[in-house]
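A.B. asks: The residues making up each chain are set out below.
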Amino acid sequence: MTEQKPGFIVSSFALLVVFFLQLPVIVVVLASFSETSYLTIPPQGWTLDWFREVLTDSTYLNAIKISLILAVSATCLSLVLGVAASYAIARRMVPGSEALASFLMAPLAIPAVVIGVAMLQYFSLVGLRGGFVTLIIAHVVITVPYIVRSALASLSGMDVAMEEAARVLGADSFTAFRLVTLPLIKPGLVAGALFSFVVSMENVPVTIFLAGARQTTLPILIFTSVEMGVTPGVAAVSTLLIVATLVVLLLAERWTGFHRFV
Amino acid sequence: MVNLRSGLLLLAPLALVLVASFAIPLIMLVPTSFREYSPGHGIITDGWTIRNYLNILTDDYYREVVVRTAWLGISVTGLCLLLGYPVAYLIVRGNPRWRLPLVMLVIFPLMLNLVVRSFGWIVLLSNRGLINNLLIDIGLIERPLKLIFNLTGMLIGLTHIYLPFMVLMLVASLQNVPRDVEAAAATLGSSRFHIFRAITLPLTAPGIISGSILVFVLTISALVTPRMLGGPVYQVMATLIYDEYMQLLDWPSGAALSFSLAFATVLIIWLSSRMTKRWAGLA
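As they're listed, the protein sequences go chains V and D.
Take the first sequence: its letter number 251 is residue 251 in my numbering, and every next letter is one higher.
Quick note: to get my numbering, add 1000 to the position in the second sequence (first position is 1).
Heads up, some of the hints might be wrong.
[Stated by the list, open to error] DEER-style ranges, computed between Cβ atoms:
#: 1; chain 1: D; residue 1: Pro1096; chain 2: V; residue 2: Asp49; range: 38 to 48 Å
#: 2; chain 1: D; residue 1: Arg1179; chain 2: V; residue 2: Ser58; range: 51 to 61 Å
#: 3; chain 1: V; residue 1: Gln22; chain 2: D; residue 2: Arg1197; range: 24 to 34 Å
#: 4; chain 1: D; residue 1: Trp1279; chain 2: V; residue 2: Gly157; range: 16 to 26 Å
#: 5; chain 1: D; residue 1: Pro1013; chain 2: V; residue 2: Lys186; range: 34 to 44 Å
#: 6; chain 1: V; residue 1: Pro95; chain 2: D; residue 2: Val1030; range: 43 to 53 Å
Just so you know, the hints here were simulated from the structure itself, not pulled from any lab data.
Note that CB positions come from ideal geometry on N, CA and C, so glycine has one too.
All chains, full assembly: derive it from the sequences and hints.
C.D. replies: Right, here's the structure in full:
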């Protein structure tokens, strides 16, 4: 039996490409511990000063706080609204389910910067620009497609008979959903929620048009401060984000087998 | 009927949010794009014009930016395919024990904050960045190479950002290639390269096409990486829209550019979904 396996050259090339994918990450981490503001090989000396600077700087701390509050609120709201709507579509409770599903996913097809300028003009006109609730709603629009996508996939993948069995045995529809459906679609929802959180945490193109002066999120802060030049503070806060991402990704993989949902 | 009523109740909250803060804002951009803008006076609200759209086609600067955006989309897509296929192949056909670690190493950059990834390339590519320092130290060059705020930086950065999408699409489609067909060809005396060209590659064509469309659409829509690695001078459509709104305050031109860009992405996505449906019907 001759199996088609990648040869030595293909494997080495592929591993090089995988290394290329990690390269900026490695460099940012090294730069955050380096004494000079520009990274050299070998580094000129090691320091934790940049971390101390970031963790005592109220600008950074505020930005981290606002980003977290925004991402958590938008994801929770997207979860509730998205799962409810997906349930109605997946169980064919409303006509035109295919068209409705495409409408809920539409924010994915429009470039984010276009959504950003459209919202800028609209919310300025109705006088809601600069409000934190406006920002949360905007983030629901850009995150909800990820929830809808995973909810629709999980709902159509599960056996409807289980839900019907619960109903026959006397559970009302909400109880059947809570005790039977929800646990079955939970892994998919966790993955969708994680995507939603990540998308909200890294969004610049929509946030930058809507955020008021006191609502600078972390990505906006990094994005605008890089225009002024490279500072080690940015490297330090980036390293914190890298570590957080790594921990969350490994936990999600352990709990739900995250890679199956990507 | 009870079913329909509760269905509408479940759907209504999200539908309302999307209509009120996604659909209506986009529709309200339409009249803006047909207004005239005069520097110093702002948007002139009497009369309509199609000049903003004509400009995109006739003005040399706009045309340069549009062509550059499309060209970047094509190059980044090609690079992602070239770099991504071997990785996907190694993941699906390589040692199963490497599989999960490799998949995680592909997903990790995808989940990492986009701003952080772009910042990493600035640390690497800028004039006093790691690559230039290294090349100067070992004496290969005397002056720093210009790797950033130009095409080179943009190509490297965007390829890095969108490569994971391509790899994951290709992995999904490689998994569907039946190995017996390849084994049969091998038994009948085909060389490995011939098997790849005649069997594996054609059978993964749907994955190649959907991965390419995804990467192309994402590349032409990208704002953050092009601005961080292209700077304020080397513009693409998304960064130009950003400047029209934030710096030049020429909203009508920005709106016309926005519609042109959105029209391109929606058209490409729509055509590709029609194409895949037709193929599914043939199979």
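A.B. asks: Now tell me if each hint is right for this structure.
C.D. replies: These are the hints, each one checked on the structure:
1. Restraint check, Pro1096 of chain D to Asp49 of chain V: a C-beta distance of roughly 45 Å satisfies the suggested window 38 to 48 Å.
2. A hinted range of 51 to 61 Å for the beta carbons of Arg1179 of chain D and Ser58 of chain V is consistent with their spacing of about 59 Å.
3. For the pair Gln22 of chain V and Arg1197 of chain D, the beta carbons lie near 31 Å from each other, so the given range of 24 to 34 Å is met.
4. At about 23 Å, the beta-carbon gap between Trp1279 of chain D and Gly157 of chain V stays in the expected band of 16 to 26 Å.
5. Our hint of 34 to 44 Å for Pro1013 of chain D and Lys186 of chain V is violated, since their Cβ atoms are close to 22 Å apart.
6. Range check, Pro95 of chain V to Val1030 of chain D: Cβ separation about 28 Å, and the 43 to 53 Å hint is violated.
This entry does not satisfy hints 5 and 6, going by the numbered hints stated previously.
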